[in-house]
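Asks: Chain residues, written in single-letter form:
Number of protein chains: 2
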Amino acid sequence: MISISILGTGNVAKHLWDTFSKHKEIKVNQVIGRNLDAIAYYRNKTKASSDFKSITDSDIYIIAVSDDAISTVSQFLKDKKGLVIHTSGSAPLNELPSNLRTGVFYPLQTFTKGQPIDFKEVPICLETKVEADGQLLHKLASLISNRVYFVDSEQRKKLHLTAVFANNFSNHMFHIAHEICEKSNLSFDILKPLISKTVKKIETLSPYESQTGPARRTDKGTMQKHIDLLKEENHKEIYRLLSRSIQETYGKEL
Amino acid sequence: MISISILGTGNVAKHLWDTFSKHKEIKVNQVIGRNLDAIAYYRNKTKASSDFKSITDSDIYIIAVSDDAISTVSQFLKDKKGLVIHTSGSAPLNELPSNLRTGVFYPLQTFTKGQPIDFKEVPICLETKVEADGQLLHKLASLISNRVYFVDSEQRKKLHLTAVFANNFSNHMFHIAHEICEKSNLSFDILKPLISKTVKKIETLSPYESQTGPARRTDKGTMQKHIDLLKEENHKEIYRLLSRSIQETYGKEL
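Here the protein sequences come in this chain order: X and E.
First residue of the first sequence? That's 1 in UniProt numbering, and the numbers climb one at a time after it.
First residue of the second sequence? That's 1 in UniProt numbering, and the numbers climb one at a time after it.
If we strip away everything but chain X, and leave its shape as in the complex, we get:
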């Protein structure tokens, strides 16, 4: 049995609670957060409080708050003997007090309110100062996920950065496509099989090999027609920059 205190009530905290609470080998002792509305969700489920001074003894304290607040919350754990971990992709391990047993438990996934997550497929990136704590954290992570990795602070920063490209920026590309569809009375549904295929392709090919389109084949005529069709200056600028970047990737002259 691993006992846990969850500190924080945002998306990550909530998804972790939902998953942990289903496992017999994990006991969530309490959830603590400043947000009273968010805390209300846990009232009849576990001990829930907005008072960070009420932290009880647990094997692991999970600080699942915004990066800016990690250090502040960790001050309430000064005299704790359990393992203190944060869940941030970009904060380093040493954001936590050096005199404590500390670690990182970074679930690499995009969490949305109200959308359930199957943690089994969520990569969980771990880091600890000492090996014994790594084993404890690995035990916890393996209970909920089949994809557990050890990733140090430098690598994790890079990973968080790549997630912005792989998720946030690709989603923004979908958004621009959606916007243009709406303005042209086209259903965005027509594009969905193409989007699915784009992702299926990179299961077997690298994105480098998968690339197609006018920029890939230096089809200047089509690129110019597309830029002329775009109405927003911002979209033109994105089209130009990404087309140039694709052409540079394949070593074509501009």
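Hints should not be assumed to be uniformly reliable.
No copy is singled out in the list; a pair is fine if it fits within one copy or between any two copies.
[Said to hold, decoys possible] DSSO-like cross-link-like pairs, simulated, lysine-lysine; straight-line CA separation at most 30 Å:
| hint | residue 1 | residue 2 |
| --- | --- | --- |
| 1 | Lys220 | Lys157 |
| 2 | Lys80 | Lys27 |
| 3 | Lys236 | Lys47 |
| 4 | Lys113 | Lys225 |
| 5 | Lys129 | Lys157 |
| 6 | Lys192 | Lys129 |
| 7 | Lys78 | Lys183 |
| 8 | Lys231 | Lys22 |
| 9 | Lys192 | Lys45 |
| 10 | Lys192 | Lys139 |
| 11 | Lys225 | Lys78 |
| 12 | Lys220 | Lys113 |
Bear in mind the hints are in silico, worked out from the structure with no lab data behind them.
Only a predicted model underlies this, so the values are computations on that prediction, with no experimental measurement involved.
Since the structure of chain X is provided, determine the placement of chain E on it from the hints.
Replies: Chain E only, in chain X's frame:
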């Protein structure tokens, strides 16, 4: 039975041949293309030739060549009575000779050599000058796909443009993520569940609703850290432009 001449030997032509040849109600009379290596593939399968003067009578002539060559190839069909169609997303219907029965058959998918396609899920966008030809084309398209749409030339141009954002540019985002992973000794596989989830989310939410990340929440600290982490000027520029575009989308001050 619908009889067909395929004119062209590129990816689209080949994928159409592979699909058509499996259907009893479709008969491919011939495949014609200039590329002798490509034509060799069809030698023992159907009548294959590199001589455009050898075009026989068919119900439908499918011009599946690059946009620049559509007009040239259509000159060989001057005296034909069948329906002459092209498969381009960006060329208008009137790229084909006005004295012929003409149409467009645009499969909205990304075709890669050697990767088989399940046409049932490929949206096929049709356009014809007259309704009777529309019915013929709809019959052909429905034999191979469950997603058949009528889309006029103006809309199709927009659709082709949105496909560049939805497929080509999102794939380039995956490529940049892949590049950074490689340079940091991280397996790109760690990112694959995140990428899958990005696409699954937009089955039920709009991309507007799905957006997460530092730009979405105007987390300037993280954005600056990411820009500092990026080594290539080109990647910095893309990060800045797309983050600005996301912030503008959500009406935040810059």
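Asks: Between the shortest in-copy and the shortest cross-copy C-alpha distance, which are at most 30 Å for Lys192 and Lys129: within, between, both, or neither?
Replies: between (44 Å within a copy, 28 Å between copies)
Asks: Taking 30 Å as the upper bound on the Cα-Cα distance, should Lys236 and Lys47 be classified as within, between, both, or neither?
Replies: For Lys236 and Lys47, the Cα distance exceeds 30 Å both inside one copy (53 Å) and across copies (45 Å).
Asks: Regarding Lys220 and Lys113, is the shortest C-alpha distance of 30 Å or less found within a copy, between copies, in both, or in neither?
Replies: between (43 Å within a copy, 23 Å between copies)
Asks: Up to 30 Å between alpha-carbons, please classify Lys225 paired with Lys78: within, between, both or neither.
Replies: Between copies, since 28 Å is at most 30 Å while 62 Å is not.
Asks: How would you classify Lys129 and Lys157 at a CA-CA limit of 30 Å: within, between, both, or neither?
Replies: Within. Shortest intra-copy distance 17 Å satisfies the 30 Å Cα cut-off; inter-copy 56 Å does not.
Asks: When no copy is named, should Lys192 and Lys139 be tagged within, between, both, or neither for a Cα gap of at most 30 Å?
Replies: between (38 Å within a copy, 23 Å between copies)
Asks: Please work out whether the CA atoms of Lys192 and Lys45 approach to 30 Å or closer within one copy, between two copies, in both situations, or in neither?
Replies: neither (39 Å within a copy, 33 Å between copies)
Asks: Give the relationship of Lys78 and Lys183 under a CA distance limit of 30 Å: within one copy only, between copies only, both, or neither.
Replies: neither (56 Å within a copy, 37 Å between copies)
Asks: Check Lys113 against Lys225 for me: Cα-Cα at most 30 Å, and say if that holds within a copy, between copies, both or neither.
Replies: between (40 Å within a copy, 26 Å between copies)
Asks: Give the relationship of Lys231 and Lys22 under a CA distance limit of 30 Å: within one copy only, between copies only, both, or neither.
Replies: neither (50 Å within a copy, 43 Å between copies)
Asks: Given a CA cutoff of 30 Å, do Lys80 and Lys27 count as a within-copy pair, a between-copy pair, both, or neither?
Replies: within (18 Å within a copy, 77 Å between copies)
Asks: Measure nothing new, just compare the shortest in-copy and cross-copy C-alpha distances for Lys220 and Lys157 to 30 Å and report within, between, both or neither.
Replies: Classified as between; 16 Å across copies, 37 Å inside a copy.
Comparing the model with each earlier hint shows violations of hints 3, 7, 8 and 9; every other hint is respected.
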